[in-house]
Each structure stands twice: as C-alpha cells, then as structure tokens.
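As you go down the protein sequences, you meet chains A and B in turn.
Under our numbering, the first residue of the first sequence is numbered 1084, with each subsequent residue one higher.
Under our numbering, the first residue of the second sequence is numbered 304, with each subsequent residue one higher.
Since the hints were made in silico from the structure, they are not lab data.
All values reported here derive from a predicted model rather than from experimental measurement.
Some hints here could point you the wrong way.
[Unchecked claim] Keeping only pairs whose Cα atoms sit at most 30 angstroms apart, straight-line, the calculated DSSO-like set for lysine-lysine is:
no.: 1; chain 1: B; residue 1: Lys486; chain 2: A; residue 2: Lys1299
no.: 2; chain 1: A; residue 1: Lys1299; chain 2: B; residue 2: Lys882
no.: 3; chain 1: A; residue 1: Lys1442; chain 2: A; residue 2: Lys1140
no.: 4; chain 1: B; residue 1: Lys367; chain 2: B; residue 2: Lys882
no.: 5; chain 1: B; residue 1: Lys741; chain 2: B; residue 2: Lys882
no.: 6; chain 1: A; residue 1: Lys1299; chain 2: B; residue 2: Lys970
no.: 7; chain 1: A; residue 1: Lys1440; chain 2: B; residue 2: Lys495
no.: 8; chain 1: A; residue 1: Lys1293; chain 2: B; residue 2: Lys485
no.: 9; chain 1: A; residue 1: Lys1354; chain 2: B; residue 2: Lys970
no.: 10; chain 1: B; residue 1: Lys882; chain 2: B; residue 2: Lys374
[As the list claims (entries may be wrong)] What the simulated footprint calls covered on chain A by chain B, stretch by stretch (three residues with Cβ under 8 angstroms from a Cβ of chain B suffice, anywhere in the stretch; the number is not a length):
no.: 11; region: 1251-1260
no.: 12; region: 1297-1304
The C-beta atom is built at its ideal place from N, Cα and C for all residues, glycine as well.
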Amino acid sequence: MKKSLPRRTFLRGLGATIALPVLDAMTPALASGANRLAAKSPLRLSIVYVPNGIMMKDWTPQAEGAAFELPRILKPLEPFRDQILVLSGLTQNNGRALGDGPGDHARAAATFLTGVHPRKTYGADIQNGVSFDQIAAQHVGENTRFPSLELGCEDGRLVGNCDSGYSCAYSNSISWRTATTPNPPEINPRIVFERLFGANAADDAATRAKRRLYNKSILDFVLSDAKRLEGDLGPTDRRKLDEYLSAIRELERRIETAERDNKDIAPPMDKPAGVPVDYAEHARLMFDLQTIALQADLTRVITFMMGREGSTRPYREIGISEAHHPLTHHRNNPDMMEKVTQINCYHMEQFAYFLGKLKATPDGDGTLLDHSLILYGSGLSDGNRHSHNNLPNLIAGGACGTLKTGRHIQYPAETPMNNLFVTILDRMGVPTEKLGDSTGTLDQLTDV
Amino acid sequence: MNRFITAGLIAVVTAGLSSAAETRSFATVVQPFVRKNCSGCHNASLMSGGLDLMSRQAADFAGKDRDLWEKVARRVEAGEMPPKPMPRPKEADIQAFESFIHAEFDRADRNMRPDPGRVTARRLNRYEYNNTIRDLLGVDFKPANDFPADDSGYGFDNIGDVLSLSPTLMEKYLAAAEQIAKKAIAADPPPKPTVERLKAELNSPHPQDFESKRNIGYQGDYDIRVQVAGQSTRGASHILKLAVKVDGEEHGAFEVDTAPDKKRGFDIRLPLTRGEHSFEAALTSAEEGFTIPFRIDHIELRGPFNPIPPPPPESHKRIFICGHANGQHNPECARTIMRDLVRRAFRRSVTDADFEPYLKFIAMAQTHGDSFEQGVRVALEAVLVSPEFLFRIEHDPDSGGPAAAHRINDFELATRLSYFLWSSMPDEELFRLAEQSKLHTPAVLEAEVRRMLRDPKAFALVENFGGQWLELRNLDSIQPDPDKFPTFDNELRAAMKRETQLFIQSIIREDRSVLDFIDGKYTYLNERLAKHYGIAGVTGPEFRRVELTGNQRGGVLTQASVLTVSSYAARTSPVLRGKFILENFLNSPPPPPPPDVPNLDESKIGVAGSVRQQFEAHRANPVCASCHMRMDPLGFALENYDAIGRWRTHEGKFPIDASGVMPDGRKFDGAAGMKQVLLGDRDQFARALTEKLLTYGLGRGLERYDRPAVQSICRRLQAKNYRFSALVLGIVESLPFQMRRGDANAITMSRARTDALVSKRSVDR
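Based on the sequences and whatever the hints tell you, model everything.
Encoded structure:
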C-alpha cells in the first residue's frame, strides 16, 4: 500500500475549518486506495452476539431449505429473507462444564468464537484461545486502518469474578487477540466515532453536509455581491476587491477538491454525544458506526456484543423491568418465557436495522450487504438449561457471492461450530486446516 | 530653531520682495552654492551617498527634485552637511540658499491645487476585527488572534494599500464567521440524555465507600443509580445502610438486603446545574463485627432529563431585537433583524435591496430543517464574510466624474472616526448623527471627538497607535540577556508596557500637552517598576500616578519600555536609541547604513572601553560620521539607562559620559539636557507626531499634497498649547480626513468647494 498520511489526519481537516493544506500530499494515496476498492469489493466479516440464549421454539424454522417460514423472533428479517442462512445444529462443546462445574455463561461467551475450553479462574491467569475473527483480522486487517473493531452495548468490569469463579473477561469479550488477551468491547459511540474519524471530527454529518452547502451558497453570494460592488469602485479599490474575489474563488476550489476526495470517507453521521439512555438508540448508533467503518473500509472485521453474557439489563424500553438473565431462568413460566422472547425480538429488530443500513449502502458493484458476511448468534441456545448445543446462529449477507442464501440448514447434532469458522476463513482467503475443536468444513453453504 | 516661524517670516519677506526674488534663480543661487560646498563629493564620478548634485536641472527643481532639495536644505540647515571636517559655508551663503529654496517651494505650494488624496479600501486588521466583532455582537473572544499577522506600512498595520487578503486568511474568515455565529446566537437544541458510569477503583481498600467527581455539561434532571455488588448471604438476611450524597449533601438513604435476589440498584433523581458535582455512596452495617460482603460497584448518571437551556448570551439579545425568546418570528421580524444587522455590520444606511438577499439564508436553513435562530446564524455568517464587512469601502459619488474630490458622506466619516479613535465600528450615537447628516457639522464633530476620546474604547489609540509609534509591541518579544539582566522577567515586561500605556492614556484622557511625551513630570508605577527605577514609597502590584522629581525620569524616552525596545539584548545601543528618537520623535529617519560597515567589536565593550569609546572609534570613519553625528548624541544622552532602563552612573568600571553636541553646535548633558534640545525643537516634534497620527488616522502614507494639511494641524496644535485634542481635532477636520479624491490622476475638484473647506480650517478656533 502506498505510504500516505494517516486518514485520520485527513478527516480531521473536514471539520468546521476547511483548511486542508495536506490535500495534495494525500490525494495520490487515496486515489490508489479507491482504485483498489473499485477493482473488487472486499469481503467484510461482522459478528453480532446476543447474550443469555434464545427462546429456540420461536427461532428455529420448521422447514429446511428455501421454503421455510420465518418464526416469530426472525420475523424482523423478512425484508432480507433472501440474504440469510439459518444454521441449526451447531455445538460449542467446549462451552460445557467438562468437569469445571458451573459457569456456563462465562464459557458460552468465551468459547463462542474460539471453540477452546477456557481456564476456570477469576484471577489474572486467564487462558482461552484465539478467536477466529482475530485470525481473519491478522490476515485481512493489514489492508485497513483498523485490523478489527470490538464493540458492545454494555459496560462490564474487566477483572474480578463474574460467573461462578470465572473472570469477567470471559463473559465480557467474545474476541480474543491471543489466548490470554481478550479485546474488551468499546460501548461509547462517541469514543468509537472519535477513534474512527479523529477526536476533532466535526460533530455531525448531516450538519457537515449542510455546512458545505451553506458555505457554498455563502461564498456564491459574496462572490456575486463583490462583483457587483467592484463595478462602483476605482482602480485601486478594485485591486483590493480582486484580492478578495480570487481568495473566494480559491476557497471554492479547495472546498470542491476536498469534497471530491473525501466523498467516500467523510463520516456521514452525527458525532454521538455519548451513550444514549435508550437501548435501541444506543444499538442503532453502534450499528451506524459499524456501517460507516465497513463502508469507508476502515476495517473489515467487527465483533459486536449487544449485551455482555449473563447480562442483567432490564428492557424498560419495551416494558420489561425485570433483569434479562434471571428471566431466562424461566422454569417454563409462560409469562417469563414471553418476556424473554420479547427481548429476543427486540434485539433482532435492531439487527434488522443494521441489515437495512448495509443494504442501503452502495458498495462497488452492489451493496455493502452483498459484500458482507454477518454472523448473528448466542453462545447458549436454551438459557434456562444452559445448553451449548444446537446454538442459534444465522448468517446474513451475500458474502461476495460465496454463499447461497435464503435457506435454513439443519446440520447433524453436535456439529462443531468451529467448522463454520474454518469455512468462513476459507471464504475470506485465510485457509485454516484446524481451529479449536474443528473437524472439517461445513458443507451446504454454497449449494444444496 | 523654530522652523515654522522662520518659514513664515521668509514667506512674508519673499512675498513682499517678489520682484527681487525673481532676479534670483536656480542658476544664480543653487548651482553656485552646490558647486562651492557639495561638488567635492556629490559629483558624477564620486556619487557619495548615491547622489550627484551637479547634474540637477532647474526644470526639475520644484518638481520631481523637490524632495531631494528639501532634504539638502534640511541637512545644511542642521549643520550635518557638509560633514566635518569640511569647512562650514558662510552663514550668508547658507541663508541665501535656504531662503531661496523655501520661497520657491512655498510659492509652488500656494499654486498647488488642494488634494485630499485617496484612501484605498481598508481591510479590517486583526485588532479592528476583534473589536468590531465585540461591538457588533457583544461577543468578546478575539477570533482574529489566530489570523495571520497583518503587514505594516509607514510604521502601522492599518494601511489600506498594504493590508492584503490571501485565500488562507479568507478561509480563516469563513471559519471565524461560523464560530462567531455559534457563540453569538443560542440555537443549539439541548442534548439527548446519555448514560455515564462512574466506576469504583479496582481493588479499592475501602470498597464500601465510593466518591467520584463529574463535570455536568448541561443543566437538567439526572437519574443517579448506585449499584452495589458482592457475595449474597445465604440463609440469613443482613440489612446494610446505603447513604448517597451529592455535593456533600445526603440525598438518599436505602436499605440493602444481603440475601440473594434482592435489590442491588438504588435510584435517586436530582436536578443538577452545569459544572462539577461530587457523587458519594457509602455502605455501612449496624451489626457489630459483621464483615460487609458488598461493595459499591459503580454509580450511573443518566440525563439530562427536562434539560434547562442556559440563558441566551447578550449577543443573542442584540441580534434578536424582535420576536419572543424562542421562535415566534414572523417574516417582518426577520427583516427587522437583518436590516439592523446589515446596517451595523456594513456601517452605513441600508435599503431593502441591501439586506433582503440575506433573508434567503434564513429560508435556506429552515428548508434544511434548521430553526429560525440557526438560519439567522447562517445569514450572519454571510454578513461577516461580505466584502462590505471585511473592508471599509468608501464610495465615490456618481456626480462629479471619476476623479472629482468630494466630501465623504457622514457614515464614511463616522467609520473613519471610529476606526481612528476606537479601532472599531461606530456606535449608535455616531450612526444616529450620520443618519441625520449632522456628524460633519463642526460643532457636532468636535463634541463627538471629545466624547470618543473619553470613552474607554479610546484605549485602542493607546494600544494600536501608541503601541506602534513607540514600538511597545516589540516589548512582547524582546529577550534581554538573562545573565546580564537576571531581574528581567515577564512581570517586569508587563509593568514596563503598562506604565507607558497609562502615561499615553493620561495625555489623551486629560487632554494634556503632547510635549509631555518629551518631558512629562509624572508617570505610573507599581512596586515592581518603582524598585526597578529606584523610586521609594510605591508598594503593591497596582499602578498609581507618581509625580516625578529630579532629572532621572520624565517623558516616554526615559521610561523602561522605550529604553528596552531600543537596546540590544546584552547592551545599550546609542545608535538604536538615537535612531528611535530621529524616527519617532522627529520623523527624520537616518538612511540605512551603507554595506560593509564594520561591526562594533562586542568583546571589547566594557573591557577596552565604554560603549561610547567604542562608538567614537567607529565614528572616526567620515562616511559613517555624517549620519552618526545626528543619531549618536541623542542616543548617548540616554547612556545613564542600561538595556532594561535602569539608572546607572558607571558601565562596568567606566563612568558614564552622557554629554553630547548636536550637529548645529548645541551642547547638552544627559537625558535632561537632550530633552531640552527636543523641547527647543518642539515644532519639529509636533510635526513628527502629527505626521505619524495622520498616517495612522488616514490609513495611508502621506504625500506632498498633504503638507498644507500637516502645516495647518501643526499651527492649530501650537495655538492650543499642544493639547492632544487639538491634534486629533486638527486631523479630523483636515482636508484629507474629510474628503476623498476620485480614482484618477487628474483632479477636477471644484475650486469653490475646496476654498470653502480651506478657509473654514484656517479660522483657528
């Protein structure tokens, strides 16, 4: 890749001031980047995690293949039906106790993307495996500013005992850079924005677009005003006004250049003020940021935890004042089960918003959704019984045409989830022979 | 010598003897004098000083060579030429030579048509921009401070021809306009509520006590949730007390049950103001010896709910002169707001066509979802980058042809006045008088000038005129050698500047004689500066007026500020100080030194001899001597003051010799004696000050055609005992200040109008 000024420096210049003396220095590098993008849209990998399992009876479609009905929890995905793959039957065996006793929530998150049995400890000697998103990031991340992004919607302590003797690190992170270093998710949209676009990026994209428009019409107006004025003046005053006119014209040229060169990477959104109180607003802001990061090719690998595993968040936004985790231990109480389903649906609605954004974002010869592979799932299926088999998983997005979507695939019981990861890594051009407890690749993803 | 009186007498004499004068000519007076006294050096082959006087023609004498011959006469008159050791011409020859020159030029002046000159459209400089924004909108945050520095011409940075406008500056103007509009107009919606978690320190030794401070950015209600966590007690219930304090005051007391599945989060809602607040929570148990198994995990802050916007800034009220606090602006109100804004920003009366185009910015913003107030912001931005705001443009009237001289209109006069005395836009009273076309009437004008000089805004004259005339601005960057002057620091630097500013201000405010600049017997000191001067009885950091006794201090030339800016970092320089006086007090700057001048051997100063002895060795070179004989005596007179203005009687082991002889033979000793020489030349000083202040006031360099105006102002100053107001009024009522020529080479000013103006001015009040 051509050595260029950091993009962030560049974007900072797009703020309230239009001073862009660095433009000329940056243009060549950007142009070559744009060419590379135009040649072929890269595959983006995004993983969305929901905690505390799913009400499986409202998740798993009855029928296999293409002719399936969307169950209640999947209903929000109706507009994207043709671009999803529901995968049933996958298991993370290492999430099970295997002699370590309680702690299924911690293990659910820890194993979700690693397939490795985590060491039971709440001390500093945490030990897990490298998650597959990080293996992908190590290979495709060198092309982008951020090899990967780790995001979340819920704050958690980084150390200490979170679940029956497991360190909080296990339930807080699904992404592990090394066996001993989890990637803690960032939950503050403002900080994510600043990380992506620089702390000084103007605070608001709609306003920025408006700003450009306003500045243009202001400059247009004063230019014509100055020309009118010039007619009334003698030669020496006219010389002064000529200076003014050429300064305005030069400024207009600079703004145009900046606009042309930044069209693809200027953040088309508001700079968030902080963490919104409203959950949906928070989640959607985080999805907006992910969309922009993928669109601008700032990263190609993202993991996003809609809640930390074992989350006790109440969802007052939809009238649920009880904590999520205790509700999932419903002991077949219909009222509690209904509330869990409502939470599952609520999460899915936010996810559908994300897919909608990706679908609405042009990218190369298609949309961003066409060029993404998004895995949505949880490390537990039945939260009541802490089941680690038959995990709720679905893939959304066209994955650059490497998947045949619009189907529900039922895999044999106990098929290792890691087989899916090996398959995805293969699609991303990262051939991997064995990953955790994988036993091979998953068939049926590209054909029946 | 009083040159004006001399010139006047000669004029009278020559007028009376016009027939006799006619018999004298360039060929009979000038050429023989030059041949006899000057041709030894100033001939075609030697060309000393680049000057060949022998080839000058009679035809050019009063024309293109006029400046040259005036200079020759001045230097002969001052005794500088011919230089020592050449013999001095006979006094009678000198008299004949000079009287011929003065008479010829006076006659030329009488025949010259009055010309007010023409000021080029002036861009606001940084000071003017800051002040104008302050007075237009009432926001005082100096947006121009990061604009590129303005170029100076003729010693000042408000000269229209020199003030340029680069694209980079234009960019700054646009950015500043946005910033200013945002500050001036309250239009941002309150923020949406956000949540912030204040986390307890990990591994805190007192996990039951929690304290954290947070800055609240927006007033409103906040939900404060205290989350406790820990190992629940199975079997037995223990009740803990949870106390929550905000800003040290208890706002919640809760019971925490340690049994499993009990409540762990506790909420209170409080209104919080903007600013820092402290949040505390503490868990306690009444049970003796019970080890509390819980800790305060974190406190969550959610808000603002029911946000309360801050009160609109003063500027907001100044702009929204109609309509209710928020919204409720009918279209007519938008017109009223913009009419007023454009009028004040463009410093003139406005027609509908002037402000109506700006209304479309409000409409445009509103169609893009912005509020009315936000729309006014955009319109304001457009106003602030308009050429009519950034430049002070004066319009030539349509009648009278492109080159006609004309009286500027009252708005233009108000603008000239306010930028002259305030470095800012006119206030409402000036606008009102301009609207009524009363401002130019002499009585009103004089009353306004006096009012403006009393206004605190007249401090701009101190800062900008005084700061540049006396080079005070250089104080900010000067760095005296810390080894030689360990007592110099920023506090002393600031005190030096303050003294001179207060001194200038007193002359303006109290309408004192401008001769006080030379030898005012008072000053302004604080303890630090008084100690620096060795003056007893001044304590504390505040400045107060101090009457001066003795000969050490008095006038700006013996103030530490001037003494320091006219010194080198490690030593005094009689040359720099002499040059300072010639330039700024006598407006007679020496020419730059010729190339290849050997430098002073710095290593020998204070070792092989005093600075003075070193200089005298340097001056032995006759090429150098002709200029240095003017500069050096003035500078040597100040040798009793070191490079940071402290009094001294010795320089190292050498006693100070502050005596001097002017080229014309006048002898003096020390600063006091030198000031007497300057007071003897008071009219030259008055003329220099007039030329400086007129240049500053007009924003252009002075031309030959300005001489009658300068003469007339000087006469008035003299007649009014040199009072400062006479100087300012003289300038304000002068031809170049009140009138403007059209932009062409020919002058087609109507003779009658000019005569009317000239006669009005010549009647000294």
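Taking the hints in turn, this is what the structure says about them:
1. This hinted pair checks out: lysine 486 (chain B) and lysine 1299 (chain A) have alpha carbons roughly 21 angstroms apart, not beyond 30 angstroms.
2. For the proposed pair lysine 1299 (chain A) and lysine 882 (chain B), the alpha carbon gap of about 51 angstroms is over 30 angstroms, so the pair is violated.
3. Taken as a hint, the lysine 1442 (chain A) and lysine 1140 (chain A) pair is honoured in the structure, with Cα atoms around 28 angstroms apart against an allowance of 30 angstroms.
4. The suggested pairing of lysine 367 (chain B) with lysine 882 (chain B) holds, with an alpha-carbon distance near 28 angstroms, which does not exceed 30 angstroms.
5. Of the supplied pair hints, the one linking lysine 741 (chain B) and lysine 882 (chain B) is violated, its CA atoms being roughly 44 angstroms apart against a limit of 30 angstroms.
6. With a C-alpha separation of about 69 angstroms, the suggested pair lysine 1299 (chain A) and lysine 970 (chain B) falls outside the 30 angstroms cut-off, and the hint is violated.
7. At most 30 angstroms may separate the alpha-carbon atoms for a hinted pair to count; lysine 1440 (chain A) and lysine 495 (chain B) meet this at roughly 23 angstroms.
8. Simply put, lysine 1293 (chain A) and lysine 485 (chain B) have alpha-carbon atoms about 15 angstroms apart, close enough for the 30 angstroms limit, and the pair holds.
9. Between lysine 1354 (chain A) and lysine 970 (chain B) the CA atoms are separated by roughly 75 angstroms; this puts the pair beyond 30 angstroms, and the hint is violated.
10. With a C-alpha separation of about 17 angstroms, the suggested pair lysine 882 (chain B) and lysine 374 (chain B) falls inside the 30 angstroms cut-off, and the hint holds.
11. Counting residues of the region 1251-1260 of chain A whose CB lies closer than 8 angstroms to any CB of chain B gives 0, which falls below the minimum of 3, so the coverage claim is violated.
12. By the rule of at least three residues with a Cβ nearer than 8 angstroms to a Cβ of chain B, the coverage given for the region 1297-1304 of chain A holds, with 6 such residues.
Violated hints, in rising order: 2, 5, 6, 9, 11; the structure is consistent with all others.
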